[in-house]
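Trainee: Spelled out from the first residue to the last, the chains are:
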Amino acid sequence: MLSRFRFKRFSRRPFVLSILTGLAAVFLLGCAFLTLQVYFRLDDLTAARSDNMQFTISRLEVEHVKLQSAAENLNNADPTATDTFRRRFDAFYNRVNTLLASPLYTGALSNSGMAQDLRSIRTSLDEMTALVDQPDDVLRPARDALLAGIAPLSETIQSISWASLGIAAERSEAERAALARTLLQLAVISLLLIAALVALSFQLWTLFRRYRQRALENRTTLNRLSTILNTSLDHIVVIDPDSRIIEANAAADVAFALSGPDGQRKPITDVLLRRNDAGTTEPVSGARLIEACRNGPNRCAKVLARRADGLLFPVEMSAALAYQSGREVCVCYLRDISQRLAAQKEIEAARDRALAGEQAQARFLGMISHEMRTPLNGILGVVDLLDETVLNVEQRRYLRILQSAGQQLLTQINDALDLTQAGNGRVTLDRGVFDLDALLEEAISGLIAQAGARDTQIELRIPDGPLGLVEGDRARVLQVLVNLLSNAVKFTDGGQVTVEATRPEPAQPWVEVQVADTGRGIPDEDLPHIFNDFVRAGNIAGGDVPGSGLGLGIVRTLVQAMGGRVGVESIEGEGSLFWVRLPLDVASENSVRAPAPSPTGGDVPPLRVLVVEDNDANRFVATQMLLKDGHRVSEARSGEEALRLTQDARFDLILMDIRMPGLDGLETARRIRTRPGPAQAARLIFLTAHIQTENYQEINDLNIEAILAKPLRRTVLRNVLAGRIGGVPPANSHTVDARVMEQLRDTLPATTLEALLARFTEEGDRFVDGLQKEMGKPSEVDISRVHKFAGSAATFGASRLQERLGQLEDALYQGDTRRVRQELAGLPKLWRDTRARLTGARDAA
Amino acid sequence: MLIVIRFCLISLLFGAATASLAAADCKDQFALPLKMEFSDHDAESVVLCPGDLDALPQASFETTTLWTNGTQRFEGVWLATLLEAIGVIDGEITLRAINDYAVTARAETFEEGGALLAYRRNGQPMSTRDKGPYWLVWNYDANPDFRTQQIYSLSIWQLDRITVSR
Numbered sequence: 050m051l052s053r054f055r056f057k058r059f060s061r062r063p064f065v066l067s068i069l070t071g072l073a074a075v076f077l078l079g080c081a082f083l084t085l086q087v088y089f090r091l092d093d094l095t096a097a098r099s100d101n102m103q104f105t106i107s108r109l110e111v112e113h114v115k116l117q118s119a120a121e122n123l124n125n126a127d128p129t130a131t132d133t134f135r136r137r138f139d140a141f142y143n144r145v146n147t148l149l150a151s152p153l154y155t156g157a158l159s160n161s162g163m164a165q166d167l168r169s170i171r172t173s174l175d176e177m178t179a180l181v182d183q184p185d186d187v188l189r190p191a192r193d194a195l196l197a198g199i200a201p202l203s204e205t206i207q208s209i210s211w212a213s214l215g216i217a218a219e220r221s222e223a224e225r226a227a228l229a230r231t232l233l234q235l236a237v238i239s240l241l242l243i244a245a246l247v248a249l250s251f252q253l254w255t256l257f258r259r260y261r262q263r264a265l266e267n268r269t270t271l272n273r274l275s276t277i278l279n280t281s282l283d284h285i286v287v288i289d290p291d292s293r294i295i296e297a298n299a300a301a302d303v304a305f306a307l308s309g310p311d312g313q314r315k316p317i318t319d320v321l322l323r324r325n326d327a328g329t330t331e332p333v334s335g336a337r338l339i340e341a342c343r344n345g346p347n348r349c350a351k352v353l354a355r356r357a358d359g360l361l362f363p364v365e366m367s368a369a370l371a372y373q374s375g376r377e378v379c380v381c382y383l384r385d386i387s388q389r390l391a392a393q394k395e396i397e398a399a400r401d402r403a404l405a406g407e408q409a410q411a412r413f414l415g416m417i418s419h420e421m422r423t424p425l426n427g428i429l430g431v432v433d434l435l436d437e438t439v440l441n442v443e444q445r446r447y448l449r450i451l452q453s454a455g456q457q458l459l460t461q462i463n464d465a466l467d468l469t470q471a472g473n474g475r476v477t478l479d480r481g482v483f484d485l486d487a488l489l490e491e492a493i494s495g496l497i498a499q500a501g502a503r504d505t506q507i508e509l510r511i512p513d514g515p516l517g518l519v520e521g522d523r524a525r526v527l528q529v530l531v532n533l534l535s536n537a538v539k540f541t542d543g544g545q546v547t548v549e550a551t552r553p554e555p556a557q558p559w560v561e562v563q564v565a566d567t568g569r570g571i572p573d574e575d576l577p578h579i580f581n582d583f584v585r586a587g588n589i590a591g592g593d594v595p596g597s598g599l600g601l602g603i604v605r606t607l608v609q610a611m612g613g614r615v616g617v618e619s620i621e622g623e624g625s626l627f628w629v630r631l632p633l634d635v636a637s638e639n640s641v642r643a644p645a646p647s648p649t650g651g652d653v654p655p656l657r658v659l660v661v662e663d664n665d666a667n668r669f670v671a672t673q674m675l676l677k678d679g680h681r682v683s684e685a686r687s688g689e690e691a692l693r694l695t696q697d698a699r700f701d702l703i704l705m706d707i708r709m710p711g712l713d714g715l716e717t718a719r720r721i722r723t724r725p726g727p728a729q730a731a732r733l734i735f736l737t738a739h740i741q742t743e744n745y746q747e748i749n750d751l752n753i754e755a756i757l758a759k760p761l762r763r764t765v766l767r768n769v770l771a772g773r774i775g776g777v778p779p780a781n782s783h784t785v786d787a788r789v790m791e792q793l794r795d796t797l798p799a800t801t802l803e804a805l806l807a808r809f810t811e812e813g814d815r816f817v818d819g820l821q822k823e824m825g826k827p828s829e830v831d832i833s834r835v836h837k838f839a840g841s842a843a844t845f846g847a848s849r850l851q852e853r854l855g856q857l858e859d860a861l862y863q864g865d866t867r868r869v870r871q872e873l874a875g876l877p878k879l880w881r882d883t884r885a886r887l888t889g890a891r892d893a894a
Numbered sequence: 038m039l040i041v042i043r044f045c046l047i048s049l050l051f052g053a054a055t056a057s058l059a060a061a062d063c064k065d066q067f068a069l070p071l072k073m074e075f076s077d078h079d080a081e082s083v084v085l086c087p088g089d090l091d092a093l094p095q096a097s098f099e100t101t102t103l104w105t106n107g108t109q110r111f112e113g114v115w116l117a118t119l120l121e122a123i124g125v126i127d128g129e130i131t132l133r134a135i136n137d138y139a140v141t142a143r144a145e146t147f148e149e150g151g152a153l154l155a156y157r158r159n160g161q162p163m164s165t166r167d168k169g170p171y172w173l174v175w176n177y178d179a180n181p182d183f184r185t186q187q188i189y190s191l192s193i194w195q196l197d198r199i200t201v202s203r
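Residue numbers (the working numbering), protein chains in the order written: chain A, 50 to 894; chain B, 38 to 203.
Looking at chain A on its own, in the form it has when it is part of the complex (with noise of 0.2 Å):
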């Protein structure tokens, strides 16, 4: 706007200018007219055509009064006297006749009687002539009539002289006004010559002061620009679209060393790069830079520049068009962006690493979970056993401590896996239609003796009366209301948890349902953490209470997962309440109810099994836990028992232990599947004492259903049963497992698996060294550290050690001293040959 505004106040003056200068021309010409007028008049007054008529006239009258006196003189004796005479009439006559016939006079004399008057004088003359003519014997005696005719001529050269004099007067008088004329008509046009001169001088004054003006304005504007753009870090460089550089900052000059040695600079194809889209470089140009910018300015990352040391770098480019002197160019921004994009290299790869960590400690922490689960759930199935045989009070008191911390473990163990499960996207929901009242009831009623304890009431509103069937995975809301039950309760010390559940908007799916406790409460700094994994709250005042520190971090994911939405208010010392809002909807009329799983194994219906072991305290627990759930149980004491009973008999499942004298599970299995009978399709399960350790490919092959881990647990063999665990650990038969290895790599620090590969060793060499002692007394070997070198085995992938270490703690647990030799002796061979292959799979990494 501003600039359009002094656009148009310019343009106007160059009009008024050219309109001054037009007058100022205009006016000169007329002076220079004038002025030649002046000359020319002046020329003529110095020519003075006509002014010498007064001198003519003058002449008449002295001439005339000459030749009287030649006239009286001719009676004198003197003899000159008659050729002074004739002279002085020649004389006289010539100056009549002059007078006459001049063009000078002419105009004159017409006016006046003068030119009568010179005629009659004439006349006069010419009568006289035939006597002046004469010879001097005849002139002389003539003087008198001469005088007489002479005399009277001078009355009329005086009225000649008179009228001449009036002539000359006139004359001069006009010439006069005539020059006084021009000058003044001069003297105006100079004035005005002089005003319109001013006038310009004015106009060009005022223009020359505001251009001035503008032209430091600009300088001013310039230096400031150019100060800007050169200490400015980028590169700015003007480029020609014959690819000339023509202009450069300080630091492209210096950055790229423009200037050679020959002032020149060099062309931007010589700094400039582009990576093009297979991957090779090559030079832009400056026809080409312009091409880029003609829809607008351009900016590209994809451009390599040369440093003065030769060296490409990577710079980010914006260039915009300009156009200098009529001609286009590109300027050009090139920033140096090497930092930047190493920089975020960096943190790319920081971000790599550590995803990649998190997901190596996750699949570790499955694993361990996985790997400690087994025998915990042996360790269980123990107590389970123990606790239907006779005891003491003092004895059945330590099960109880051994049951509920080993269920306590389990449950962690647990809750690791499920975190680790759902943390990896591997929660798949399982949907159903079922009671949400019912299943709230079931919730509350499992914790009911925990909060007796600790002296806490648990209540349970509807305020809405009940909400009926919902369809939704039963299973995991139900987890995530005992998960914040269970930890209301944990932090609630004589005091009240109530659970609120309403639908807020009974036409919306959604579901809320609040835990509120009157507990310790969590502190305000601790809140934004609380579905954090392993988090605990009160981590100062809390030490007393046990729990991962996972259940939250469960509640979270699982809540996500399901698509809902968890929150928690709190005050410390008053009490939490923690919410969370399902998408439960209420279940169409004809959704099929799912059956609630009885937590007592009820939900299987009654089988006919078949128990094959040869050990009769195994076969005997076995049929007793399932007799108790209500199935029907044949037993067989050998695979060859087995055989003849299911020649016959149908049974739906058979349950059996792998290593058995004589015919061993595989062959019976193999024996029973192959042969036609009513047997052939029942559900087949093994028990092992070894399950880290069994051929599983070869087990695989037999369609079994699971594989479980002696001794038996009562759980365990229910969810079997109801088919809800099942599958086959993969084969692992190795010196060393390399996969196992490479987990070991990708979770932990370089520097902690060197440690504990070295503690490892230093254990497996002390371990080794202990029993070339105890060679002598098989019996005196300590089982505990048999067992727990066979775990450290298991935990870097040494399957062939494990599984030697496994029938060892096996021959030991029998007390089959002939079997622990057996395995003794080749301990020490393959724990070098485990030793060396581990060293190679560190370095391998």
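Treat the hints as calculated values from the structure; they're not laboratory data. We treat Cβ as the ideally placed atom computed from N, Cα and C, and that holds for glycine. There may be inaccurate statements among the hints.
Stretches of chain B that chain A covers, calculated by requiring three or more beta carbons in the stretch to come under 8 Å of a beta carbon on chain A [claimed, not checked]:
1. 104 to 112
2. 165 to 171
Label pairs and their calculated CB-CB ranges [claimed, not checked]:
3. B/Thr185 / A/Ala81: 22 to 28 Å
4. B/Asn106 / A/Asp182: 23 to 29 Å
5. B/Ser97 / A/Ala81: 40 to 46 Å
6. B/Ser97 / A/Arg189: 38 to 44 Å
7. B/Thr146 / A/Ala179: 39 to 45 Å
8. B/Lys72 / A/Ser239: 55 to 61 Å
Calculated Cβ distances over 10 Å to all of chain B for the following chain A residues [what the hints assert, rightly or not]:
9. Glu176
10. Arg192
11. Lys351
12. Asp358
13. Leu451
14. Pro555
15. Pro572
16. His578
17. Asn581
18. Ile620
19. Glu690
20. Thr800
21. Thr810
22. Gln821
Starting from the structure of chain A, add chain B where the hints point.
Mentor: Here is chain B on its own, set in the frame of chain A:
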């Protein structure tokens, strides 16, 4: 050529001078003589007649004058030619008319192609009554430089004496 003419002229001049001692008139009774005088040394005056001037290189032109009506043809010799012929190359020249009108100018004023000592007008000798016998004229029409007051005042008619002062 010039030397020959000059030689002839000098001898002729001397001859004329001796003749003028006997009679100061020209043979032609209408032809009046031109008297050349030298003021600063003892050289004798020389009287020239139109016939004498005829021996010198002739010149002529046509022009109008302020004092005559219509174009006139003047014939005669350049005054510069005459002055050179009698050996005058500098000094002051005084020209005098029969009515005693006189003008004075430096010899170099009368350059060749400028001042013509005319003694024939329109093919006729000029009578004393009509600006003769000698009239110093310039070709006024041919050159504006000749139309000045100074030249007009030098344009002397009825010329009968020339005085050279060195």
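Trainee: If a hint holds in the structure, say so; if it does not, say that too.
Mentor: Evaluation of the provided hints:
no.	hint	in the structure
1	104 to 112	holds (count 3)
2	165 to 171	holds (count 4)
3	B/Thr185 / A/Ala81: 22 to 28 Å	holds (25 Å)
4	B/Asn106 / A/Asp182: 23 to 29 Å	holds (25 Å)
5	B/Ser97 / A/Ala81: 40 to 46 Å	holds (41 Å)
6	B/Ser97 / A/Arg189: 38 to 44 Å	holds (41 Å)
7	B/Thr146 / A/Ala179: 39 to 45 Å	holds (41 Å)
8	B/Lys72 / A/Ser239: 55 to 61 Å	holds (57 Å)
9	Glu176	holds (14 Å)
10	Arg192	holds (20 Å)
11	Lys351	holds (88 Å)
12	Asp358	holds (86 Å)
13	Leu451	holds (153 Å)
14	Pro555	holds (130 Å)
15	Pro572	holds (125 Å)
16	His578	holds (121 Å)
17	Asn581	holds (122 Å)
18	Ile620	holds (128 Å)
19	Glu690	holds (166 Å)
20	Thr800	holds (122 Å)
21	Thr810	holds (136 Å)
22	Gln821	holds (152 Å)
The structure shown violates none of the earlier numbered hints.
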